[in-house]
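Please build the complex by placing chain B on the supplied structure of chain A, with the hints as guidance.
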Amino acid sequence: MTDTSAIAPGLKKSVLLKIRDLKIDGYTGETWVPIIKGVDLTLHRGEVMGLIGESGAGKSTIGAAAMGYARDGTRINPGSSIEFDGIELTTSTEADKRALRGSRIAYVAQSAAASFNPSHKLIDQHTEAPVHYRIKKRMEAQEDAIELYERLRLPNPGEIGFRYPHQVSGGQLQRAMTAMAMSCRPDLIIFDEPTTALDVTTQIEVLAAIRDIVDQFNTAAIYITHDLAVVAQMADTIKVLLKGEEVEQQSTEKMLASPKEEYTKSLWAVRSFERPQKARPKDATPLISVKNIDASYTGGEKVLDDVSFDIYPGMTVAVVGESGSGKSTTARVITGLLPPSKGEVLFKGEPLPPKYTDRSKDQLRQAQMIYQMADTALNPKVRISEIIGRPAQFYSGLKGTALKSRVDELLDLIELEPSKYYDRFPPELSGGQKQRIGIARALAAEPTFIICDEVTSALDQLVAEGILKLLDRLQSELDLAYMFITHDLATVRAIADEVVVMQHGKVVEQGPKEEMFTPPHHPYTDLLLSSVPEMDPNWLTTLLEERGVDNVGEAADV
Amino acid sequence: MGDIASLVAKRLGLGLLTLLVISVIIFFMVELLPGDIAQAVLGQGATEENVAALRERMGLNDPAPVRYFQWLGGALTGNFGESIVTGERVSSIISERFINTLFLAAYAAVIAVPFAIVLGIVVALLRNTLFDRVANVLTLTSISSPEFFLGYILILYLAVKTSMFPAIASLSGDMSFGELLHRTFLPALTLVLVVTAHMMRMTRAAIINLLASPYIEMARLKGTPPWKVIVKHALPNAWAPIINVVALNLAYLITGVVLVEVVFVYPGIGQSLVDAVSKRDFPVVQACCLIFAATFILLNLAADVGAILTNPRLRHPK
Numbered sequence: 001m002t003d004t005s006a007i008a009p010g011l012k013k014s015v016l017l018k019i020r021d022l023k024i025d026g027y028t029g030e031t032w033v034p035i036i037k038g039v040d041l042t043l044h045r046g047e048v049m050g051l052i053g054e055s056g057a058g059k060s061t062i063g064a065a066a067m068g069y070a071r072d073g074t075r076i077n078p079g080s081s082i083e084f085d086g087i088e089l090t091t092s093t094e095a096d097k098r099a100l101r102g103s104r105i106a107y108v109a110q111s112a113a114a115s116f117n118p119s120h121k122l123i124d125q126h127t128e129a130p131v132h133y134r135i136k137k138r139m140e141a142q143e144d145a146i147e148l149y150e151r152l153r154l155p156n157p158g159e160i161g162f163r164y165p166h167q168v169s170g171g172q173l174q175r176a177m178t179a180m181a182m183s184c185r186p187d188l189i190i191f192d193e194p195t196t197a198l199d200v201t202t203q204i205e206v207l208a209a210i211r212d213i214v215d216q217f218n219t220a221a222i223y224i225t226h227d228l229a230v231v232a233q234m235a236d237t238i239k240v241l242l243k244g245e246e247v248e249q250q251s252t253e254k255m256l257a258s259p260k261e262e263y264t265k266s267l268w269a270v271r272s273f274e275r276p277q278k279a280r281p282k283d284a285t286p287l288i289s290v291k292n293i294d295a296s297y298t299g300g301e302k303v304l305d306d307v308s309f310d311i312y313p314g315m316t317v318a319v320v321g322e323s324g325s326g327k328s329t330t331a332r333v334i335t336g337l338l339p340p341s342k343g344e345v346l347f348k349g350e351p352l353p354p355k356y357t358d359r360s361k362d363q364l365r366q367a368q369m370i371y372q373m374a375d376t377a378l379n380p381k382v383r384i385s386e387i388i389g390r391p392a393q394f395y396s397g398l399k400g401t402a403l404k405s406r407v408d409e410l411l412d413l414i415e416l417e418p419s420k421y422y423d424r425f426p427p428e429l430s431g432g433q434k435q436r437i438g439i440a441r442a443l444a445a446e447p448t449f450i451i452c453d454e455v456t457s458a459l460d461q462l463v464a465e466g467i468l469k470l471l472d473r474l475q476s477e478l479d480l481a482y483m484f485i486t487h488d489l490a491t492v493r494a495i496a497d498e499v500v501v502m503q504h505g506k507v508v509e510q511g512p513k514e515e516m517f518t519p520p521h522h523p524y525t526d527l528l529l530s531s532v533p534e535m536d537p538n539w540l541t542t543l544l545e546e547r548g549v550d551n552v553g554e555a556a557d558v
Numbered sequence: 001m002g003d004i005a006s007l008v009a010k011r012l013g014l015g016l017l018t019l020l021v022i023s024v025i026i027f028f029m030v031e032l033l034p035g036d037i038a039q040a041v042l043g044q045g046a047t048e049e050n051v052a053a054l055r056e057r058m059g060l061n062d063p064a065p066v067r068y069f070q071w072l073g074g075a076l077t078g079n080f081g082e083s084i085v086t087g088e089r090v091s092s093i094i095s096e097r098f099i100n101t102l103f104l105a106a107y108a109a110v111i112a113v114p115f116a117i118v119l120g121i122v123v124a125l126l127r128n129t130l131f132d133r134v135a136n137v138l139t140l141t142s143i144s145s146p147e148f149f150l151g152y153i154l155i156l157y158l159a160v161k162t163s164m165f166p167a168i169a170s171l172s173g174d175m176s177f178g179e180l181l182h183r184t185f186l187p188a189l190t191l192v193l194v195v196t197a198h199m200m201r202m203t204r205a206a207i208i209n210l211l212a213s214p215y216i217e218m219a220r221l222k223g224t225p226p227w228k229v230i231v232k233h234a235l236p237n238a239w240a241p242i243i244n245v246v247a248l249n250l251a252y253l254i255t256g257v258v259l260v261e262v263v264f265v266y267p268g269i270g271q272s273l274v275d276a277v278s279k280r281d282f283p284v285v286q287a288c289c290l291i292f293a294a295t296f297i298l299l300n301l302a303a304d305v306g307a308i309l310t311n312p313r314l315r316h317p318k
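Line order of the protein sequences matches chains A and B. Numbering-wise (the numbering used here), the first sequence opens with residue 1 and increments by one. Numbering-wise (the numbering used here), the second sequence opens with residue 1 and increments by one.
So that you can see chain A by itself, here it is in the shape it has in the complex:
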C-alpha cells in the first residue's frame, strides 16, 4: 500500500471521489467566514490519501464534506462540487446522502472512547448499519463482526463485542471502530486522526490493523492526521493543507524526499530543534529528590511503587511513559497535592512536608506547574494582568506600580507585547499564546523548579517548537530546573538532559539522555523507543516484520 508504483500511470483506476472547488463557511456567532477556500481532491478506488496540516487547516471539515456532511455551524457553499461515484452530493437530498453514509462511505473518529455510545454494546452499534440497510440479518451481521474483530486481532473476538465501551481499552476501541466502519464493506473510509489520542505502543497496533484491513478489502481511504510520520506509513498520496487551502500534493515518497513548497519544508523541519545535553554538576545537592515514594488515591490500589529520582538545579529531567504509568501522580506528590503513603520528597536536602497545606510560602513558591490544557488551566473571565499578577502579589507581596512593572517584565520574558496583552482575556488568545501565559504565571512566583505536564501535546508542531525554545531560553536565563512529563519521545530528544522511564507506577530505567537513547535498553524503553513512528514510509512494515504482527502494542508485554 505504501508502494506508490501500485497506481502507476496507465494502470489508473477509476475515480471514486471527485471534489472540485470545495468552499465551506463556518459561523463565528456573528458572521460566516470561509474556512475551506476552494480545495480540489481526486481519489481513486483503493487509494489512500493522507490529509495533513495543523489545526485550523480544515482537514476534518474536508473529511466530513467527503460524506456530504456539514458539521454544526458550517455550510457547504453552493458553487462546490462533491461527486462520489457519479453521485453529486451537494445537490442530493438529505435522505439520499444518508443512504450512502455507513453503507458506502464510513467514518472513523478521533476518539473511539467518545464516539461509541456508552449505553449500547459494541456489537449492537456495529450491526446497526448493516441491519438498517438490510444488507445482513442481525445474526449474520454479528458473525461478520466477530470475523472482523478477529482480522483486526482483537483479543477474544467472540466475546469482546458483547461488552460496553467503558469495559474495553482505548486501542481496542479504536480497532473496534475500524471494524464497525467495515461492517457494510464501504468503498471509502474517512479516518479522522484515529490514533492521535493513543499511546505510541498502542498506536502501532491500530495503524497495523487499519493498514491490513484497508488492503484486504481494497478500500479507498482519506487519512487525516497532523503527524507526518504516521501519514508516511499509511498513505499512497499526501495532500498538505494550510488555512483551508491546498499547499501541495504528491505521492508519499516524493513528498518525503523532496517537498516543493516552503511551508511543507517547514513542517518537515520541525523536529530539528535540539539543545546540547547538560551533565550533572559535581558535588551538588539535588534540587528535588524523590525518595522511595509509594502513593495511592483514596482506597485505591498503589499508583506509585517505590519511585526515586533526583533533579539537579538548571537541568531538565524528562519523565516518560504511557498513560496510567504514574507520571502525573508523581508530579502531584512533589507539589504536595497528594501526600505519599511512603517515602519523602527532599528540597535541597531538606524534607518537604507531604501536604501542601503544611508547606511555607517559600517552600510553595519553589515548585510551580504548567499544564497540558492551557484552555482549562486559565480562568477565561480573568484578565491576563491578574492571572500573572496574582502569584506575584501572593508570593512577593508586590503592589501598585511595582506589581505592574513585574507583570510587564514577565510578559516581555514570554515574548508577548505587554501593552497589547495586559488587559486581554484568555479566550482572545491563540493556543500557543495561552500556554505562554501559563508559563508566565509559573514564573511569577520566582520558582527554582517547574513541572511541565505535557505542555506541548495539545499544540501544533510549529507552535510547540516555539514553546520548547522559550522554555529552553528561560532555563538558561533564570537557572530553572524542569521536570518534563511527556509521552512524546521527540520532545524528550529535543530538550531533556536526563530521562526517567516509568511503567505501571514504577521507574524502569533512568539516566542521562545519551545513554537512554543508545542501546542496550531496558526492554520496555526499547519498546517505547521503537514504537515512535519515523518518516521512512517503510518503517511500519519493517517494524512489523521484526516484531511479528502478533507482538505489537498491548500484546508486546514486557
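Just so you know, these hints were derived from the structure itself, not from any lab. Just so we're clear, the structure is a prediction, and the values are computed from it rather than from any experiment. The reader is advised that the hints may include incorrect statements.
Derived pair list, reagent style DSS-like, types lysine-lysine, alpha-carbon separation capped at 27 Å [as the list claims (entries may be wrong)]:
#1 B/Lys-232 / A/Lys-137
#2 A/Lys-291 / A/Lys-121
#3 B/Lys-232 / A/Lys-136
#4 B/Lys-10 / A/Lys-97
#5 B/Lys-228 / A/Lys-121
#6 A/Lys-291 / A/Lys-348
#7 A/Lys-97 / B/Lys-232
Same frame as chain A, now just chain B:
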C-alpha cells in the same frame, strides 16, 4: 451488581436520616408556635382547672423531648395521636383522604409522564420548528397560569358550557371505576397541564444537550435516521436528568395539589391539611407534614436509584 446494592442501601440510609431530621423540625416548629394548645382548644371561657386537666390529659406537662419520642414512636406504628378538634384518631382521618390524593396523583401521572416525555422527544426531533415553538408556548402558558385559574377555565368549558364532565369531583363509595375516572377527570387534567411543561422541557433539553456528543455525530455518519438518533442514541443517555424531574413533579402531584382539591371540592389530604391549620389541629398538621416529607424523600430516592440504574458504567462494572 454488589456496587449498586450498596449504593442503593447508602441512599436509603441517607433518606431515613433526612426523614428523622425533618420529624424533629416538624415537631419543634409546632412546639414553637405561640400560645397554649389546651387554652386554644378550650377557648376564652375555660377555667384554669379545666385547662390544667386538659394539659395533664394531653401530656403537655412532660418535657418536649419526651413528648417528641412518644410522638415518633407512635408515628412509626401508624399512630399519630388524636385530633384535638374532633377527638378522632388522626390516622383514621387522613388515611382515606391520603388514598384519594394518591389516586388523583396516579391518575394525573399516568397521563402526564408518557405525554410529557413523548412530547419532549418530538420537540427535540423537530427543534426550532414551528411545532417546537408552539408546544413551548402552550406548555409554558399552562405552567405559568395558577392551577385554580386553569381549573376554573376547564370547569367553564368542559363542565358548564358542554357538561361533558362534572364540575365537582365528589366521591361516594359505590362508584364504578369508570365513573370514578370520569368524575375526577377535570382535576386530573388540571394537574396534567401544570406538570407537563416542566418534564417536557427537561426531556427536550437533556436530549438536545447530548446532540453535540461525538457518538451522536458517529450515529449520523453511520446513516442513522434522525428519529433513531434521538430515540436510540440520545435518549438512553438522557434518562438521569429526566427521571429526576419526573420524580420532583410526582412529589408535587401529591403535596402541591391543595388549590386543585379546593377548586374541585375533592376530598384529598391537602384539604384536611388546610382545615387542620386553620383549626390549630396540631396532631393532624404534624402527621400531614411527615407524610409529605416522606413522599418527597421516597420519590427522590427512587429518582436517584433510577438514575444509577440507567448508567451503564454502574450496571456493567469492568
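Going through the earlier hints one by one, which of them does the structure break, listed in rising order? 2, 4
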